[in-house]
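Throw the hints in and build the complete structure from the sequences for me.
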Amino acid sequence: MSNQSLEATVEPADVQSWIDAIGREPSAAVPLLQAIQGAYGYLPRKAMDLVIANTDVNASQLYGVATFYAQFRLKPVGRHLIKVCHGTACHVLGADRLNTSLNHILGITDEEEDTAANGSYTVEDVACIGCCSLAPVMLIGEEAFPNLSGADAQRSLKKHARKVKEVLPGHEEMQNEAKAKKAAKVQEVRA
Amino acid sequence: MNGMIITVGEGTCGIAAGAKDVMTLLKKQAPEAEFRVVGCVGMCHREVMVEIENPDGQVYLWGDVDRKSAPKIMKFHKGAGDLPKDNLIRSSENPDAETDAYLARQTRIALRNVGHIDPKSLEQAQGRGSYVAIKKMVAEMSPEDVIEQVKIANIRGRGGAGFPAATKWTFARNAPGDKKYLVCNGDEGDPGAFMDRSLLEGDPHTVLEGMLVAAYAIGASNGYAYIRAEYPLAVENFQKALEDARAANLLGDNILGSGFSFDVKIKQGAGAFVCGEETALLASIEGERGMPRIRPPFPAIKGLFAYPTIINNVETLSNLGWIINQGGKAYSDIGTSGSKGTKVFALAGAIKNGGLVEVPMGMTVRQMLEEIGGGSSTDYPIKAVQLGGPSGGCIPASLFDTPIEYEAINATGAIMGSGGIIVMDEKSCMVDISRYFLEFTQLESCGKCTFCRIGTVRMQEILSRICDGKGTMEDLDTLEELAHKIKDSSLCGLGQTAPNPVLTTLKYFREEYEAHVKDQKCPAGVCKGLITHFIVQDECTGCTICERYCPVNCIEGELKKPETWVIDQEVCINCGMCVEVCKPDAILVQ
Ligand SMILES: Cc1cc2nc3c(=O)[nH]c(=O)nc-3n(C[C@H](O)[C@H](O)[C@H](O)COP(=O)(O)O)c2cc1C
Ligand code: FES
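Going line by line, the protein sequences match chains W and S.
Sequential numbering of the first sequence, starting at -7, is according to the numbering used here.
Sequential numbering of the second sequence, starting at 1445, is according to the numbering used here.
Do not take every clue at face value.
[Unchecked claim] Pairs of lysine to aspartate or glutamate residues, derived as EDC-like cross-links and limited to a Cα-Cα distance of at most 20 Å, are as follows:
#, chain 1, residue 1, chain 2, residue 2
1, W, 171, S, 1707
2, W, 177, S, 2000
3, W, 174, S, 2002
4, S, 1709, W, 12
5, W, 173, S, 1465
6, S, 1972, W, 180
7, W, 173, S, 1730
8, S, 1972, W, 88
9, W, 177, S, 1991
10, S, 1512, W, 144
11, W, 151, S, 1465
12, S, 2004, W, 180
13, W, 177, S, 2002
14, S, 2027, W, 17
15, S, 2005, W, 180
16, S, 1709, S, 1680
17, S, 1871, W, 88
18, S, 1464, W, 135
19, S, 1623, S, 1510
20, W, 150, S, 1991
21, S, 1709, W, 17
22, W, 171, S, 1465
23, W, 155, S, 1465
24, W, 171, S, 2000
25, W, 151, S, 1510
26, S, 1464, W, 134
These aren't lab readings, by the way, just hints derived from the structure by calculation.
Structure representation (structure tokens):
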């Protein structure tokens, strides 16, 4: 599913300002990509083209670097980013379950997909975020949620969604199903 | 409440546990008190931690502080409430034997200031002796003197390889060229370790002091600190340290009027494990894909941008100021004949006192786990520890009397590694953990060497097969054969060590592999392909909660009719959500 609506609008002046601040030499490739991703959450094609046209970094190097490092993504990202830690401590204590339960209420069923259909949240796996004693851990944006069970993860996400006024597609579907079931029951009783 | 001093631990772990909220709350409750922020002391299992010093000098250390307990604690300090016992870790009147042992059994050199200072304050760092070594060094010592002291200290690199620091420095010192680089390796790739994070974010000046010592010794004028992307607070605090040190003429041109100049730039990593390897790290700083290079030439001769370069680990560097102050002899007095000084470990997993510990070399694994770690945190005994993450191996409980020193640990098949220790109990599956690490190295392999690129994929496939109960006994032999071939034909440490987790578990826990293959059983009840979830209807209350949480809708039944509840085994993915949410424990895993 392509999330057309999530494509970022790239201002050439912004990209130019990062190039001016960081530099044009080949060693600027990683920091430039970090600046772009920091602003848009991913690496939009247009921003990449601007870097290639205006620096000494060529297309092969830039894409080589962008695809080598786990931090960079070429696909648009949801409005909010969830990072689930899959470091050793979190793995041993059940990090997989956080993904299962988050995907469930986000309605993400396709294994290749990491973003909810309505563009609300993206779920990403990361390696250790450095608080292993509080495993399993996830981050929503910058905020960390420690010692999570799968159910806790859902609760935290629901709370977050209410705060930022996002709809969780999987959760909505579940509620609709429950409503339909109830209605059917009422019908049955009436009949 | 005048005169009260409240200190809150705001390391990454403290913040994750809610330290910022607690701080806000305490400020509201005791607006007149003096508030301080420190890095992580290492007792991560008790976060959020707050230390409160009463005006009369009594000091209380509180743990697990949250929104609920914070007001109770403040009430107590105001003399208006009972002592909240569950939160008290220790007080001057009420020392706690376990906590005191936790700290007393440690020897803190690298971690000497972490948890005691506000990492954003140069003044506080200097109050505890930071940069005294630099003053002494530039006034009294030649670079050769510095190398000599580090040689006497006989400190070996803490980044994993354990190469003697002084030897490496001598190569760079003698390498021709007027421009040299010093790089601080803060990539900390082991996905279960956080020693370097705590140092960089909790005491950045000590790391910087170490960089100054190393730079002076090898004659470097430029430095880089390469810090993992996942550590934003470390970057922030280290950046602040650089600015403050520059303003105080401890960094930059003509440091303290000595004629020695050195400056440091921060480079943020971008999430590639292999970039912790020194030649890959240099490629990454140069803006390339982080692919390791063939050595020789070694970086000490031809490194960053082709200049002589020394790469040292954060923890190695953090010991150097101490060595200059106390002398190399004092350092080598600690430890064993082959391994000097101390080592920092990050304890996680099934251990009671998880967190950061620094122990003298020579302490046994058992002493560390029991006397400092407090033993298992679960109802099950500790079965093994995993040292060194994806490059390391496991040590079974039967070998816990092994002393912590390079040679003895290597002899078990594990490695000292950078310091990550995952403690595993009977509920951890050794096959699953091997599969986990292989999946990690397979993804992180840069792809340069064939055996590392493809061999790790094949190993991972076999391990996944075994975890699914579809393995054969031949698979075990193939695993061993592949493991040795990958070790022998990989260019860098990643491939050379990737098979270690499999080899050590095969060596010590072969019966677990065999149980998966022959009996189609996962003794620990972890591997999803080999377990089934059942509802025990006698225990069930028919509350429907499992139905609501099941991600694949495979549980059905009628409200309050336990006898109707069943799990559709065809659809069930064994994710364990139902077990987690079931209040009466009515779901059985077999
Ligand atoms: C795959 C791989 C990953 C590594 N990761 C790290 C790391 O995260 N941090 C580190 O300091 N050293 C790491 N090293 C070791 C470095 O190559 C190098 O030996 C070390 O930084 C040298 O510093 P030291 O002598 O002070 O230990 C890694 C090595 C390999 C092969
Ligand atoms: S393993 Fe998840 S925080 Fe370290």
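These are the hints, each one checked on the structure:
With a C-alpha separation of about 65 Å, the suggested pair residue 171/W and residue 1707/S falls outside the 20 Å cut-off, and the hint is violated. Simply put, residue 177/W and residue 2000/S have alpha-carbon atoms about 16 Å apart, close enough for the 20 Å limit, and the pair holds. Of the pairs offered as hints, the one joining residue 174/W and residue 2002/S holds, with about 12 Å between alpha carbons and a cut-off of 20 Å not exceeded. Our distance criterion of 20 Å between C-alpha atoms is met by residue 1709/S and residue 12/W, whose separation comes to about 18 Å.
Proposed proximity of residue 173/W and residue 1465/S is contradicted: the alpha carbons are some 41 Å apart, above 20 Å. A threshold of 20 Å between alpha carbons decides the hint, and for residue 1972/S with residue 180/W the separation of about 39 Å lies outside it, so the pair is violated. Taking the CA atoms of residue 173/W and residue 1730/S, the gap is near 61 Å; set against the 20 Å cutoff, the hint is violated. This hinted pair checks out: residue 1972/S and residue 88/W have alpha carbons roughly 11 Å apart, not beyond 20 Å.
Taking the CA atoms of residue 177/W and residue 1991/S, the gap is near 17 Å; set against the 20 Å cutoff, the hint holds. Proximity of residue 1512/S to residue 144/W is assessed by CA-CA distance (about 19 Å); at most 20 Å being required, the pair is judged to hold. Distance restraint check for residue 151/W and residue 1465/S: the Cα-Cα separation of roughly 17 Å lies within the 20 Å cut-off, and the hinted pair is therefore satisfied. With a C-alpha separation of about 19 Å, the suggested pair residue 2004/S and residue 180/W falls inside the 20 Å cut-off, and the hint holds.
A hinted pair counts as satisfied when its Cα atoms are at most 20 Å apart, and residue 177/W with residue 2002/S qualifies at roughly 12 Å. The straight-line distance between the Cα atoms of residue 2027/S and residue 17/W is roughly 60 Å, outside the 20 Å bound, and the hint therefore fails. Straight-line distance between C-alpha atoms of residue 2005/S and residue 180/W comes to about 19 Å, which keeps the hinted pair within the 20 Å bound. Simply put, residue 1709/S and residue 1680/S have alpha-carbon atoms about 13 Å apart, close enough for the 20 Å limit, and the pair holds.
Proposed proximity of residue 1871/S and residue 88/W is supported: the alpha carbons are some 16 Å apart, at most 20 Å. With a C-alpha separation of about 11 Å, the suggested pairing of residue 1464/S with residue 135/W holds against the 20 Å cut-off. At roughly 52 Å between alpha-carbon atoms, residue 1623/S and residue 1510/S are farther apart than 20 Å, so this suggested pair is violated. For the given pair, residue 150/W sits about 18 Å from residue 1991/S by alpha-carbon distance, which is consistent with the 20 Å threshold.
Of the pairs offered as hints, the one joining residue 1709/S and residue 17/W holds, with about 16 Å between alpha carbons and a cut-off of 20 Å not exceeded. Distance restraint check for residue 171/W and residue 1465/S: the Cα-Cα separation of roughly 38 Å exceeds the 20 Å cut-off, and the hinted pair is therefore not satisfied. Simply put, residue 155/W and residue 1465/S have alpha-carbon atoms about 17 Å apart, close enough for the 20 Å limit, and the pair holds. As the CA atoms of residue 171/W and residue 2000/S are separated by approximately 16 Å, the hinted pair is consistent with the 20 Å bound.
As the CA atoms of residue 151/W and residue 1510/S are separated by approximately 18 Å, the hinted pair is consistent with the 20 Å bound. Distance hint between residue 1464/S and residue 134/W is fulfilled; the C-alpha atoms sit about 13 Å from each other, no more than 20 Å.
Figure legend: structure checked against the earlier numbered hints; hints not met, in rising order: 1, 5, 6, 7, 14, 19, 22.
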